[in-house]
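Student: Residue numbering for the sequence shown follows the numbering used here, starting at 22 and increasing by one per position.
The set of hints was computed from the structure by calculation and includes no laboratory data.
Just so it is clear, CB atoms sit at the ideal spot from N, CA and C, and this is done for glycine as well.
Just so you know, nobody snuck in bad clues.
What follows is a list of derived Cβ distance ranges for each label pair:
1) 216 - 175: 16 to 24 angstroms
2) 45 - 216: 43 to 51 angstroms
3) 164 - 135: 19 to 27 angstroms
4) 187 - 46: 32 to 40 angstroms
5) 39 - 168: 28 to 36 angstroms
6) 36 - 174: 28 to 36 angstroms
7) 163 - 87: 31 to 39 angstroms
8) 151 - 189: 41 to 49 angstroms
9) 209 - 142: 41 to 49 angstroms
10) 139 - 200: 39 to 47 angstroms
11) 189 - 42: 35 to 43 angstroms
12) 159 - 103: 22 to 30 angstroms
13) 112 - 48: 18 to 26 angstroms
14) 213 - 48: 45 to 53 angstroms
Here are the simulated lysine-lysine pairs, DSBU-like style, with alpha carbons at most 30 angstroms apart:
15) 195 - 214
16) 205 - 195
17) 196 - 214
18) 133 - 196
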Amino acid sequence: MSEGNAIRLLLADDHPVVRAGLRAVLDTEPDFRVAGEAATAEEAVALAAAGGFDVVLMDLQFGPGPGMHGSEATAAITAVPESPRVLVLTTYDSDADILAAVEAGASGYLLKDAPPQELAAAVRTAAAGRSALAPSVAHRLMDRMRTPAEALTRRELEVLQLVGEGLSNLQISKKLFLSQATVKSHLVHIYAKLGVDSRTSAVAAATARRLIRR
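All chains should be modelled from the sequences, with the hints used to inform the complete structure.
Tutor: Put into structure tokens, the structure is as follows:
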């Protein structure tokens, strides 16, 4: 395949070693060309907006600071017409992360332990405008569809993730721009769906079921 027909890739990950590893794997594919790298989500958005890419391989977590999350970057990139496809490549497979990425417009969701051939296939699938989901991710989404009444909504997952991080109702209300009454209402629904009666039990149950990130 000629250089002009290659699928142009942007690698967005805050770890240089991870980017180097991805580049080494992807460069072995004759129809791929790694055309850029981004160490922050903000940089990925700026590069994607500048053009020249077909698929962005997007991590979800960029460093410990308050910077943009991978899902936020995905939403910013996909909101622009004729934008590149975004394939999330992460170590996280919680419902909270998966739903946030899919709702942000990601074309695919793959885990970093995926075999090279699975990664290459997912890139080609995303570039063609189709969905590329890791088997385990697709299975989790199917489970949610089978039991919608028992599944936590994306907002409930967001609230519970922040509870798990130690935030109070007041802190959660400020972070998510909700009233404290709304936060409490979400918690009531969360407790009922998980069959628990406390914040600690809710976090433990959700973590065990991989609904939220550990």
